[in-house]
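K.L.:
Here is what each chain is made of, one letter per residue.
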Amino acid sequence: MMASKTDPGRFFEDFSLGETITHATPRTVTDGDAAVYQALYGPRFALQSSAEFARALGLPRAPVDDLLVFHLAFGKTVPDVSLNAVANLGYAAGRFGVPVYTGDTLATVSKVIGLKANRDGTTGVVYVNSVCRNQRGEVVIDYCRWVMVRKRDPASAAPPTVVPELPAAVAVAELVVPADLRVAGYDYALAGSAHAWDDYAVGEKIDHVDGTTIEEFEHAAAARLYQNTARVHFNQHVEKAGRFGRRIVYGGHIISIARALSFNGLANAVRVVAINGGRHVAPCFAGDTVYAWTEVLDRQPLPGRDDLGALRLRTVAAKDCACADHPYADAQGKMHPAVVLDFDYTVLLPRRAAKL
Amino acid sequence: MMASKTDPGRFFEDFSLGETITHATPRTVTDGDAAVYQALYGPRFALQSSAEFARALGLPRAPVDDLLVFHLAFGKTVPDVSLNAVANLGYAAGRFGVPVYTGDTLATVSKVIGLKANRDGTTGVVYVNSVCRNQRGEVVIDYCRWVMVRKRDPASAAPPTVVPELPAAVAVAELVVPADLRVAGYDYALAGSAHAWDDYAVGEKIDHVDGTTIEEFEHAAAARLYQNTARVHFNQHVEKAGRFGRRIVYGGHIISIARALSFNGLANAVRVVAINGGRHVAPCFAGDTVYAWTEVLDRQPLPGRDDLGALRLRTVAAKDCACADHPYADAQGKMHPAVVLDFDYTVLLPRRAAKL
Amino acid sequence: MMASKTDPGRFFEDFSLGETITHATPRTVTDGDAAVYQALYGPRFALQSSAEFARALGLPRAPVDDLLVFHLAFGKTVPDVSLNAVANLGYAAGRFGVPVYTGDTLATVSKVIGLKANRDGTTGVVYVNSVCRNQRGEVVIDYCRWVMVRKRDPASAAPPTVVPELPAAVAVAELVVPADLRVAGYDYALAGSAHAWDDYAVGEKIDHVDGTTIEEFEHAAAARLYQNTARVHFNQHVEKAGRFGRRIVYGGHIISIARALSFNGLANAVRVVAINGGRHVAPCFAGDTVYAWTEVLDRQPLPGRDDLGALRLRTVAAKDCACADHPYADAQGKMHPAVVLDFDYTVLLPRRAAKL
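Chains as they are written, first to last, in the numbering used here: chain R, 1 to 356; chain U, 357 to 712; chain G, 713 to 1068.
Isolated chain R, as found in the complex:
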């Protein structure tokens, strides 16, 4: 009998600690991808929008949106890592490397860095470190995530439990600042805001004001653009009988919506350099309206750079709930029912000194 040609995806017992997985479908990023991304989220950050603005900052042309890179890197891992996942549990230690330009080709390799069978015997948690590189072998993003994956056979033996130690945040010394990025000529008027790194205070909370309603085509198109094959995003015929009765929006889609909304308050956050952590607190569906607000968690000077500084941010997205009151968790840590995303990341902003 012939081997089945259809790939069922990996189940929990198919993962081995230390194993390396080469993910399929290398992907050349194009101006087309950037334009579809623009139509999906509407970002307005000048560096990614304008070749001229990018050149004024020392780059050869406009880099691709950092989160588009993340989604492309992530999407490749889905058929191998999370096709049989029950839940995407978290992210950590995400570092963006060299900027991606259109014409670059991305490929991702993952290493299994942790395994933990759950007590119920039907699932386990898989930890992977995924590294996405361009055609020159340069890292464009390197991050860890962990997912709860179904077992094929509940009777299969549990592997030894290994839970990797992951940092609460990427250390400043680990951040990759593009070598050629120079912000002496930064044009705050063209960028859309006068607020420099120096103007943000730790603890400051910013309501991004606007909300955007998700459509069914939109999130499925996003997942297709990213070659993310998780079935819950596409198949209403199955999902109508599922837990929610509807297709579930790819969690990364909410991250990109929140980042685009955050322009109103963080217009000069020119680059995402780290994903420290992230949690999809609740699922989103077509018809939901997503709002976002941000808290400044830390303000970090960069070693050897007086023109740029880093801000560690928590951006919270909430659905059908304006964020003027910054909905988050109560004193017991219980999340506000509207919150859908709790995203901890680090961005670069020009320092005021660079204006003078």
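Everything labelled a hint here was simulated from the structure, so no lab data went into it. For glycine and all other residues, C-beta sits at the position ideal for the given N, C-alpha and C. Wrong hints could be hidden among the right ones.
Derived list of chain R stretches under chain G, where covered just means 3 residues or more per stretch with a C-beta under 8 Å from a C-beta of chain G [stated by the list, open to error]:
(1) 24-36
(2) 110-119
(3) 231-240
Capping the alpha-carbon separation at 27 Å, the derived lysine-lysine pairs in BS3-like fashion look like this [said to hold, decoys possible]:
(4) K952/G with K596/U
(5) K240/R with K952/G
(6) K467/U with K507/U
(7) K240/R with K596/U
(8) K823/G with K917/G
If you want a taste of the chain G side facing chain U, the calculated C-beta under 10 Å gives, among others [what the hints assert, rightly or not]:
(9) K717
(10) A747
(11) T817
(12) R936
(13) Q948
(14) V950
Following the hints, put chains U and G in place on chain R, whose structure we already have.
P.N.:
Leaving out everything else, chains U and G in the frame of chain R:
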């Protein structure tokens, strides 16, 4: 206390006569933008569709659709000019300049050319002249629009009323005909119609026959592509409690739909050169089906060119109403209830002589 | 009186045997078109996704998806051939020629190769051979289709009946294998499957497992991308009173969905080389979920090539019906009610020898 990082947009009293506003987010136009535009509207004009056709007419390659340029130029002005607008009242004196090619970067600057407080004390009309230039500083579009904007404080003093004089139409001598555009080799078969400039008569009415139904994702994606941030297009959570209970379609979206429909009857209208005036007579919503018809208002030879002529057109769009009967206004000037757009613009067509 | 400027499309009596029709709107294919196609269908075939993968196989960069080429070639014929069609009856003798790369400009010419009036006097069948070429005159696709077209005047005389002989399948010797395509360095891990041409058996059936739900915007956007003007795809105001009460999805959209789904089981089918036949068994509508399965009809070595082989496939798409049981026809040839597409085509796969 820190300054709020969120930009609330300008209110009526924030505008000063003669002031210049540099709009944020310069934008490099790409093949991706053109393809998304294609998927949104389906235009079939050969000059913008084919590099080969463009080269046969003397251009280096296919220029970007004129209305995509208009929408990108317009979108930049929204955060500064019309975020707190109640209504987009009109356009005038719009002249397209040099063609835009993919790779060009567009930026827009507006000048406040008129102010008029309304008697009710809560709003005023702001007139701006917006000029969008490419990376070489060449004008790609220069137009005026006026909007009714909310006052922040009804008690604020009214500025002196200044209402600019705006022409009923752009004069023929003012039209910019691309210097390198030569239509001697114009291929009418490839262009899709045998009708040259000479074949149109003043007063002629053309039903464009087809209708297209608007989807919710579509108009929001269009606005995001154009970086147009007007809130009414995106947020169903707010709009469900608003005047219409729904998101409102960006008015420019209807202009592009009408232009694409107008191919059937005006296939050789190779370029829009002027926007003489325009009025969004009624709002559109997802689910509406848009039809269009055109009246030839004027047929204008071009000084120094015997290969091209200009037609001044009125294109009327109507919703859920086929346009065989050319719905417009009654004898008292009252608009037919189906009409949503009354658009007065000027296009270039090859002259029959050029065929010989 | 002036000639009507609006093109009503051709009716049955407007076609003459042997006549050649030059279709309008040449089209330069761009990275943007490829990205929109990606967002519409989510294909994961490595050759079309990655410039690096393509170069490793001897091509200058990633070719455009074969079916995007088909849809662009097809779309051009609609205004002339099928605007007044009642039904798209079949395809045959479709051969893909040289690969299409972004920057290429496509134009299509059709020849009328058959005419057959129907007995009811209101319609007739038109057979055309459509040839699409790039800017160098190289054929990119050459295929036949036949459509049932309305007569303008039921009383018009019937032309002599000529029904062309069309092959049941394109012969192996007729297949065009890109001359520079060399698969010695084929990377099965990056391609996403270890299954080579050698691993497939005639009669083997493959369930592609996944399903994808069609949205209204999606199929209309696809048709607009392809400049396909068939009215039934766009106008809900008319279609609500039509036979189905809804807009009908472009049949080719289902072909592309099925091809993208077929990656799961046919990941190494690097190129479609022939369309032997195809039938849109039933219409699709927004909200339908499309599944697909494939039967291997033939396994064909290629003359002079030991690195590549051809598989003739039947891919069947079904709506709202998972395909584990391979729904098709019963013993009497009556189609399973869920089947919407019966598509007979030929693909190239690397041969295992090439791995050694």
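K.L.:
Can the segment 110-119 of chain R be counted as covered by chain G under the rule of three residues or more with Cβ-Cβ separation shorter than 8 Å?
P.N.:
n = 0 at 8 Å, threshold three: violated.
K.L.:
For the pair we were handed, K240/R and K952/G, check the Cα-Cα distance against 27 Å.
P.N.:
25 Å, holds
K.L.:
Taking the least C-beta to C-beta distance, is R936/G closer than 10 Å to chain U?
P.N.:
3 Å, holds
K.L.:
Under 10 Å is the threshold here; is the Cβ of V950/G close enough to any Cβ of chain U for the hint to stand?
P.N.:
7 Å, holds
K.L.:
How does the coverage statement for the segment 24-36 of chain R fare against chain G, requiring three or more residues with Cβ below 8 Å from a Cβ of that chain?
P.N.:
holds (count 11)
K.L.:
Hey, does the T817/G contact hint survive, CB to chain U under 10 Å?
P.N.:
Hint holds; T817/G Cβ to chain U Cβ min 4 Å, cut 10 Å.
K.L.:
Against chain U, with CB atoms and a cut of 10 Å, does the hint on K717/G hold up?
P.N.:
Given a least distance of 4 Å, the restraint on K717/G holds.
K.L.:
K240/R and K596/U were given as a pair; does the straight-line alpha-carbon distance stay at or below 27 Å?
P.N.:
Cα-Cα ~25 Å, so holds.
K.L.:
Hint check: K467/U vs K507/U, CA-CA at most 27 Å. Holds or violated?
P.N.:
Holds, at roughly 19 Å.
K.L.:
Within 27 Å, alpha carbon to alpha carbon, are K952/G and K596/U?
P.N.:
Answer holds: K952/G to K596/U is near 25 Å, not above 27 Å.
K.L.:
Confirm or reject the coverage of the segment 231-240 of chain R by chain G under the rule of 3 or more residues with a beta carbon closer than 8 Å to the chain's beta carbons.
P.N.:
holds (count 6)
K.L.:
Given A747/G as an interface hint, is its Cβ closer than 10 Å to any Cβ of chain U?
P.N.:
With a closest approach of 6 Å, the A747/G hint holds.
Hint compliance for this structure: hints 2, 8 are not met, and every other hint is.
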